[in-house]
Amino acid sequence: MDEVAERITAETEGVVRTVSELTILPTRWNGSARLVDEGGFLARKRWQCDIEIDRSIVNKDERWPTLVHEAIHSVSAGLTREAYNKMRGWEEGPAENLQRIILSEVMQRLGITVDQGVVAERIASHVFNPFNEAIEEIRIALSEGGHVVEPVQFYISLIGIPLIDRPGYVLALGSKRTGLPRIPFIRVFSSNNAILTGR
Amino acid sequence: MPNDKNIPRELLIEQVLFATTLDEIRAARAALRAWITSHPDDRLPLSDGFAMLANLEEAVSEADQSVVA
Numbered sequence: 049m050d051e052v053a054e055r056i057t058a059e060t061e062g063v064v065r066t067v068s069e070l071t072i073l074p075t076r077w078n079g080s081a082r083l084v085d086e087g088g089f090l091a092r093k094r095w096q097c098d099i100e101i102d103r104s105i106v107n108k109d110e111r112w113p114t115l116v117h118e119a120i121h122s123v124s125a126g127l128t129r130e131a132y133n134k135m136r137g138w139e140e141g142p143a144e145n146l147q148r149i150i151l152s153e154v155m156q157r158l159g160i161t162v163d164q165g166v167v168a169e170r171i172a173s174h175v176f177n178p179f180n181e182a183i184e185e186i187r188i189a190l191s192e193g194g195h196v197v198e199p200v201q202f203y204i205s206l207i208g209i210p211l212i213d214r215p216g217y218v219l220a221l222g223s224k225r226t227g228l229p230r231i232p233f234i235r236v237f238s239s240n241n242a243i244l245t246g247r
Numbered sequence: 416m417p418n419d420k421n422i423p424r425e426l427l428i429e430q431v432l433f434a435t436t437l438d439e440i441r442a443a444r445a446a447l448r449a450w451i452t453s454h455p456d457d458r459l460p461l462s463d464g465f466a467m468l469a470n471l472e473e474a475v476s477e478a479d480q481s482v483v484a
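Protein sequence lines, in the order shown, are assigned to chains A and B.
Position one of the first sequence corresponds to residue 49 (the working numbering), numbered consecutively onward.
Position one of the second sequence corresponds to residue 416 (the working numbering), numbered consecutively onward.
No lab work stands behind these hints, which were simulated from the structure alone.
Be a bit skeptical, because a hint or two may be false.
No farther apart than 25 angstroms at their CA atoms in a straight line, the calculated lysine to any residue pairs in the SDA-like style are these [what the hints assert, rightly or not]: (1) A:108 with B:457; (2) A:134 with B:453; (3) A:134 with A:210; (4) A:134 with B:455; (5) A:108 with B:460.
Construct the complete structure from the given sequences, taking the supplied hints into account.
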């Protein structure tokens with residue numbers, strides 16, 4: 049393994065370990081971080097639970113939010129091929145929103161400073177923004193009933209629940225809201241669930 | 416589904432996020448590549464789409480194989 053590959057493996061290990069500590073969720077990452085050249089993506093956690101990283105970003109701050117995002121996938125419960133195919137937005141939306149919430153804490157714990165311009169550019173027009181906004185609309189609707197206070201708690205809870213069970217978990221939370229009609233929440237849930245399931 | 420490099424960005428993102436069949440996934444990847452080639456400044460926010468499409472392609476391919484088997 050060359051020097052760059054060793055460094056990236058060490059960085060990935062640090063990010064995955066810190067994400068696992070912050071979320072109190074076990075990781076399935078197998079310890080392998082492979083550098084690739086032509087995937088198109090910046091980084092990707094594969095089904096085999098290794099992480100691939102595009103060689104072009106090994107010295108760029110772009111890698112940090114991407115590694116945190118992939119590390120969150122590594123602690124995500126019930127992330128199977130079948131569930132992901134049906135529920136992709138229920139995985140990518142919570143993962144990206146949680147990445148945005150915990151990135152600064154992860155970087156602080158690792159003693160790393162990230163260019164905030166890179167972070168802002170990613171947030172402003174990210175491909176997953178429709179998923180991020182859909183799950184956030186559901187969270188806001190739930191919070192109106194007082195059941196979900198902190199976004200970080202909501203997204204860590206979602207990531208810790210098997211992917212296939214996340215819509216049911218959220219619907220149950222909505223049903224538990226006292227003193228509020230259910231139909232407005234069901235409308236918010238249904239419209240956003242259609243986006244999150246890619247249907 | 417639109418798949419040429421001049422489609423609006425929002426339609427491209429929908430094509431990527433909602434791709435379901437292998438044909439749709441591969442068309443979305445081609446459209447994403449074409450878009451980033453013509454809009455290189457858009458690579459950072461859009462490139463996670465490639466990761467999702469790669470994972471979906473493997474998931475759908477395996478499901479197809481299990482149906483055949």
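Next on the checklist: Next pair to validate is residue 134 (chain A) with residue 210 (chain A); report whether the Cα-Cα distance is within 25 angstroms.
Outcome noted: holds (13 angstroms)
Next on the checklist: Please verify whether residue 134 (chain A) and residue 453 (chain B) have alpha carbons no more than 25 angstroms apart.
Outcome noted: Violated: residue 134 (chain A) and residue 453 (chain B) sit about 31 angstroms apart, past 25 angstroms.
Checklist entry - residue 108 (chain A) and residue 457 (chain B): Cα distance at most 25 angstroms? => result Holds, at roughly 16 angstroms.
Item to check | Hinted pair residue 134 (chain A) and residue 455 (chain B), Cα distance within 25 angstroms | outcome: violated (31 angstroms)
Checklist entry - Quick one, are residue 108 (chain A) and residue 460 (chain B) close enough, alpha carbons at most 25 angstroms? => result Holds: residue 108 (chain A) and residue 460 (chain B) sit about 14 angstroms apart, inside 25 angstroms.
Of the numbered hints given earlier, the model fails hints 2 and 4; all others are met.
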